[in-house]
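*Asks:* Take a look at the letters that make up each chain.
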Amino acid sequence: MRKRLIGALAGLVALVLPTVNAAAATAKTIVTTKRVTGPQAVADRWGYVEVILVVKKTTRIVGTHKKVTRKITNVLVPIYPNHTDRSVFINQQAVPLLTNEVLTMTQFNPNIEFVGGATATSGAFAQSLQAAILQAKKI
Amino acid sequence: MHRVEHVMGMPIVVAVRDGDVPDAVFDWFRHVDATFSTFKEESEISRLRRGELARADASDEVQQVLARCDELREETSGFFDIDAVDGDPSGFVKGWAVDEAAAILDRAGMTEYGVNAGGDIRTRGHWTIGIQHPLEPQSIAKVVEGDDLAVATSGAYERGDHVRDPHTDEAPSGILSVTITGPDLGTVDAYATAAFAMGARRAPGWTARLRGYEAMTILSDGRVLSTPNFPSA
Chain W
1 MRKRLIGALA
11 GLVALVLPTV
21 NAAAATAKTI
31 VTTKRVTGPQ
41 AVADRWGYVE
51 VILVVKKTTR
61 IVGTHKKVTR
71 KITNVLVPIY
81 PNHTDRSVFI
91 NQQAVPLLTN
101 EVLTMTQFNP
111 NIEFVGGATA
121 TSGAFAQSLQ
131 AAILQAKKI
Chain Y
1 MHRVEHVMGM
11 PIVVAVRDGD
21 VPDAVFDWFR
31 HVDATFSTFK
41 EESEISRLRR
51 GELARADASD
61 EVQQVLARCD
71 ELREETSGFF
81 DIDAVDGDPS
91 GFVKGWAVDE
101 AAAILDRAGM
111 TEYGVNAGGD
121 IRTRGHWTIG
131 IQHPLEPQSI
141 AKVVEGDDLA
151 VATSGAYERG
161 DHVRDPHTDE
171 APSGILSVTI
181 TGPDLGTVDA
191 YATAAFAMGA
201 RRAPGWTARL
211 RGYEAMTILS
221 DGRVLSTPNF
231 PSA
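First to last, the protein sequences are chains W and Y.
When the first sequence is numbered by the numbering used here, its final residue is 139 and no position is left out of the sequence of numbers.
When the second sequence is numbered by the numbering used here, its final residue is 233 and no position is left out of the sequence of numbers.
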């Protein structure tokens, strides 16, 4: 009994060893990113919804052993009901609430060091608020 | 100290509170201009667009930028699409170039700096940023304050009416500007362009769904819609 077990173990070691040696030489990781598009689903009578999952697949191969892990890295909703004002309204309410203010001219804050906005071209820069601040502050 | 130079067709301001601005920063911007400019006939991008250079043969940095532009098209449901502008990646390159410049400043040991590339800003340390009023260019609409920010704005007042919905080729309606904040300028700039192109009906809902990014959308009717954690001062 004992002898047979040892014999079996020896056979197992013989089987395992080459694999382990091969593993040291061929261990590798393959990472791929895939998009999985769900079917366009009808959201009752309000329109269509489509969801895309961005899935990162990591395949780790050690010898003949292969381990695959998948992780959802992003969820995209390219199609959602927005074809009526009411849909747009519901859609906007469904997502975390946006604060709603009225556009005003804010008092100039003396702490401001940078002015951001839609692209200032070289020509417009000389007259810009940013140029004035740089001159005034010498930062 | 600060330095201003006109590179890549716009003024770039680099301000450092804890040291001098290294020459390497503007050398980098000039390199980006030489590689990515659509106005320079011999740039890699110009050669790619003329079909003289295959994408697989382009330099690593060009391939990296184009790969990110592909991802951004997916992330924005096609509203940021460089194919709609004949493969011109400028809308991403500016922000990406600033992100790489920030990495140069980080490696030089700077911890208090800001870079303003034609109105799109990336900072390290605590800074106060005014967002230009979309109708009154000499005024501020909102003050943003925070640590380590990237802030980009897209609006109808930039370089004429040049942002269009790539699906319809029409200028977006009902919207004056979208400002996005987040960790990297390349992404926030592309997101701002995409959200602006979506117009008043889609942009606010789309920006509210972004994770890790905050947004402020100014509509033509004078409403300002901000995500809950938009870093207003």
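Please note: incorrect hints may appear among the correct ones.
So the derived label-pair ranges between C-beta atoms look like this [stated by the list, open to error]:
#1 A126(W) - D184(Y): 27 to 37 Å
#2 K40(Y) - Q127(W): 20 to 30 Å
#3 T32(W) - A34(Y): 32 to 42 Å
#4 K34(W) - R55(Y): 15 to 25 Å
#5 E41(Y) - G123(W): 15 to 25 Å
Honestly, the hints are just simulated from the structure, not real lab data.
Ideal Cβ placement from N, Cα and C applies to all residues, glycine included.
*Asks:* Now tell me, hint by hint, if it's right for this structure.
*Replies:* We went through each hint and held it up to the structure:
Taking the beta carbon of each, A126(W) and D184(Y) are about 29 Å apart, inside 27 to 37 Å as hinted. One distance hint, 20 to 30 Å for the beta-carbon pair K40(Y) and Q127(W), holds here, with the actual separation near 28 Å. Checked against the given bound of 32 to 42 Å, the beta carbons of T32(W) and A34(Y), roughly 33 Å apart, stay inside it. Separated by about 21 Å at the C-beta atoms, K34(W) and R55(Y) satisfy the suggested range of 15 to 25 Å.
Checking the proposed 15 to 25 Å range against E41(Y) and G123(W) shows it holds: the Cβ atoms sit about 23 Å from each other.
The structure meets every hint from the earlier list without exception.
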